[in-house]
Every structure is written in structure tokens, then in C-alpha cells.
Amino acid sequence: MKMTLFLRCLKIAVLSLLFGSVLTLPGTVMAGLASQWYLSFQSIQEMNGQTGFPYQVMNFDLSTGAISTELTPTDSVPISGVSVAEADSSYFVLQHHVDLGSGLVASPNDIIVSDASGLNLAFDADAEGIPDGVKIDALHRVESGQWVISIDVHAELGGTAYSDGDLIGHDGTEFFLVASEADLGLETSADVTGITQGTGGRWLVTLASGGQTLDGLVYFAGDVLLGDSDGRLSAIELSSREAPLSVTAGLNAISAEPAPDGIFSDRFQE
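Just so we're aligned, residue 1 is where the sequence shown starts under my numbering, counting upward by one.
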């Protein structure tokens, strides 16, 4: 079906917001791009006196080094995507089908919201056209309410083929490519398992395992890679190997609260 002019304009605006270039001032020194991290690890981990399970999201406060439990949707099913979008709500995806009670059965390609009203379906995979057997394994909710996801296998969504290293947008109507794995500077073997944005809307991405980018950046399981002003992953923003986390496990999901910075308060700028 031909896209309307309105949707074309909307998509252009979203792509500018998500994947534009950052306006920086000469001599500007950027501190860390997140003030709070929300992390879910692939295995049980001891971190600075706290135990984190794969079915939990842990809060890591960069200013104090404190680690605490942020979210525990179930007592057994690992989390595969999370986005802590507002102070009183979180969005997540679970790795397996699970009955969450009150008639809510979550699939591994559904997005669930946890807020003051409890747990509810925020994104229905069947209704939006994600086939059975295709899981969402990375999730980010943009301030506008639109989604950026990655999937665990190569699959066709809305007539377009995507890989497990692509960032895929959904504007409430259709899917579209935000950034391919090549745009990000990733090998075709890379599998994106976590997406979020830091100060200035810069991409922060984690992968299923260690590897090397097309530009030669070596990364390990548990690292979060930083996108440069063009969105290409070019540095390590967070290393789980470093204290106080001090773990070598990979990450199943990430989210972040951008650090305050007046220069970048308007997100991406043209």
C-alpha cells in the first residue's frame, strides 16, 4: 500500500531525531552519556554486594556506584529487552511465553509495560505483524512513543528483510530501517541485544558476545558501545568488566537515563 504524504513526513522526522548528526561546540568535552544504567545480565552475577538474576533489571547509579534491583517482572523468565522510559513506567520483553496473570500471556515478541496500573500489553506482535518464531531481543522506546527494536534472527517484517544486527523502527503503523548493522559498523555475525540512547540521542548498543567492529574496535561481552555523531559504533561507553560491576557476563538488555547536558538537551540537531 502506498504510504501517505503524512507518514512519509513523519518517518523523515523520526529518522532525523533518531539518526541525525549531533551539533557540538568546539572544545566541548563530553562526560559519560548516561547518569543511570538499567542492566540485565545473561547469567546470575554478584555485583558490589548485590545479586542480579537474568529475570531482573538492575539499576547502576554512576554518580554513587550503587547497584540495586529496578524491575523483576517474573521469578524465572529471562528479560530480553527493556526500556525505562519514564520514572513510573518500564517496558520489557521476555525470552519465553509466560502467563503474567489477569489474562495477560506474553510472547517473546510482545512488549509489556509495567506502570502504576500493573502489567499490560504495550505492543502486540501478532497485530503488528511480527511472525511467530521471531523474537525481539533489544528494545528502546523513543520520547515520542515510537519503538526501536532488534530481532534475534534474519526475518521479513512488513515486506522488508532485516538482520539480527539492524535497528528497526516502528511508528505505530509500519516497520522501517533506522540503522543497518553496516551503518553501525558491525560484522554480519553481530547480534544486537540491547539498544538505548544517551545524552544528545547518541546510540548505546550491546552485543550478544564479544567481537570486533568493521573499524577495528575490539569489544567484550558486557560492553556497551557508543555511536559517534553519524551513529557508527566507535568507542566503549560502559564496560561491565570494570568496578564496581566487575563481571564478565554478557548483557541481555540495557536502558539508560541520559546525563543532563544543556548543549544536548534538544537531542539530535541538524
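Hints listed in this document are in silico derivations from the structure and should not be mistaken for laboratory results.
The structure presented is a predicted model; accordingly, all values stated were derived computationally and were not measured.
Heads up, the beta-carbon is just placed ideally off N, CA and C, and yes, glycines get one too.
Mixed in with the good hints there might be a few duds.
[What the hints assert, rightly or not] For each label pair, taking beta carbons as the anchor points, the in silico distance ranges come out as: (1) G129 / V105: 16 to 24 Å; (2) S246 / E156: 28 to 36 Å; (3) A116 / S180: 32 to 40 Å.
To see whether the hints hold, each was checked on the structure:
Take G129 and V105: their Cβ atoms lie about 19 Å apart, and the range 16 to 24 Å holds. For S246 paired with E156, a C-beta distance near 41 Å fails the hint of 28 to 36 Å. For A116 paired with S180, a C-beta distance near 38 Å keeps the hint of 32 to 40 Å intact.
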